[in-house]
Amino acid sequence: MEEEKLEGEINFGKEKREHPRVPMSVPVRYRILSSEDATKALNRTFDADSILMDFKEGETINVSKTGILMYTNEEVPVKSFVVINMHISIPGISCNCKALAEIIRREKAMDASKYFYKVALKFHKILHHNLKNYKYMNLNELLNIKEELK
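Its first residue numbered 1, the sequence shown is counted upward by one per residue in my numbering.
Accuracy of the hints is not assured; some may be wrong.
Pairwise CB distance ranges, derived in the manner of DEER restraints [to be verified]:
| hint | residue 1 | residue 2 | range |
| --- | --- | --- | --- |
| 1 | I104 | N73 | 16 to 26 Å |
| 2 | H19 | N96 | 15 to 25 Å |
| 3 | D111 | E36 | 31 to 41 Å |
The list that follows gives simulated cross-link-like pairs (lysine-lysine, DSSO-like), each with its CA atoms no further than 30 Å apart [unchecked claim]:
| hint | residue 1 | residue 2 |
| --- | --- | --- |
| 4 | K118 | K56 |
| 5 | K98 | K108 |
| 6 | K122 | K56 |
| 7 | K122 | K40 |
| 8 | K56 | K98 |
| 9 | K125 | K98 |
| 10 | K79 | K125 |
| 11 | K40 | K118 |
| 12 | K79 | K118 |
| 13 | K114 | K125 |
| 14 | K40 | K79 |
| 15 | K125 | K108 |
| 16 | K56 | K108 |
| 17 | K65 | K122 |
| 18 | K114 | K40 |
| 19 | K114 | K65 |
| 20 | K114 | K79 |
| 21 | K79 | K108 |
| 22 | K40 | K56 |
| 23 | K56 | K79 |
| 24 | K98 | K114 |
| 25 | K65 | K40 |
| 26 | K79 | K122 |
| 27 | K98 | K65 |
| 28 | K56 | K114 |
| 29 | K65 | K108 |
| 30 | K65 | K118 |
| 31 | K118 | K108 |
| 32 | K56 | K125 |
| 33 | K98 | K118 |
| 34 | K98 | K122 |
| 35 | K98 | K40 |
| 36 | K98 | K79 |
| 37 | K65 | K125 |
| 38 | K108 | K122 |
| 39 | K65 | K79 |
Hint data in this document are derived by calculation from the structure and do not stem from the laboratory. Since we're looking at a predicted model, the values are computed, not measured. All C-beta atoms, glycine included, are put in the ideal place defined by N, C-alpha and C.
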C-alpha cells in the first residue's frame, strides 16, 4: 500500500528514529567553547553573536530535531560544547538558527574530499531563530514539518 504524499512534504525514507534526520547540506558557522564558557552557557543565557565573531566553518550532512551531523576540517574534541549558526531553508520557510550543542561523536570523513571529519552534535539550547512566511515555528516544529502536513 503506497502512502499518499502531500505537496511540499519532506520524504524521510524508511527512517526509524523518533526524530528523523533530514538530509540537508547548508553551511554552519561554529565556535568551540572553553569549559568555563560552556558551563556559563548551560546555566544561563549568553551572547551568541559575540562568541561567533570568531568562527570556523563546516557543512551539515543532515539535521534533526535533536542535533546535526556535519563535516568540518577541525579535530573538535568529543564532549566539548560549541555555538553554531546555520540557515535552514525549505520551500516557503526560512530559519536562521543559533544553538548551543555538544559534540557527541567525531570520525574521519572518508566520503568527503573537502573535509577531514564528520562530527555529530546534540542540541542543548536553541538560542535564536527567525522564520519568514507561513506561521511562526520553532526549530523543533520546522524539522517536524512532515507530521504537521498530515
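Against the structure, the hints:
no.	hint	result
1	I104 x N73: 16 to 26 Å	19 Å, holds
2	H19 x N96: 15 to 25 Å	21 Å, holds
3	D111 x E36: 31 to 41 Å	36 Å, holds
4	K118 x K56	14 Å, holds
5	K98 x K108	25 Å, holds
6	K122 x K56	18 Å, holds
7	K122 x K40	18 Å, holds
8	K56 x K98	14 Å, holds
9	K125 x K98	9 Å, holds
10	K79 x K125	15 Å, holds
11	K40 x K118	27 Å, holds
12	K79 x K118	15 Å, holds
13	K114 x K125	29 Å, holds
14	K40 x K79	16 Å, holds
15	K125 x K108	27 Å, holds
16	K56 x K108	18 Å, holds
17	K65 x K122	9 Å, holds
18	K114 x K40	34 Å, violated
19	K114 x K65	26 Å, holds
20	K114 x K79	24 Å, holds
21	K79 x K108	17 Å, holds
22	K40 x K56	21 Å, holds
23	K56 x K79	18 Å, holds
24	K98 x K114	24 Å, holds
25	K65 x K40	23 Å, holds
26	K79 x K122	10 Å, holds
27	K98 x K65	13 Å, holds
28	K56 x K114	14 Å, holds
29	K65 x K108	24 Å, holds
30	K65 x K118	18 Å, holds
31	K118 x K108	6 Å, holds
32	K56 x K125	20 Å, holds
33	K98 x K118	20 Å, holds
34	K98 x K122	13 Å, holds
35	K98 x K40	16 Å, holds
36	K98 x K79	19 Å, holds
37	K65 x K125	11 Å, holds
38	K108 x K122	18 Å, holds
39	K65 x K79	19 Å, holds
Consistency note: the structure conflicts with earlier hint 18 alone.
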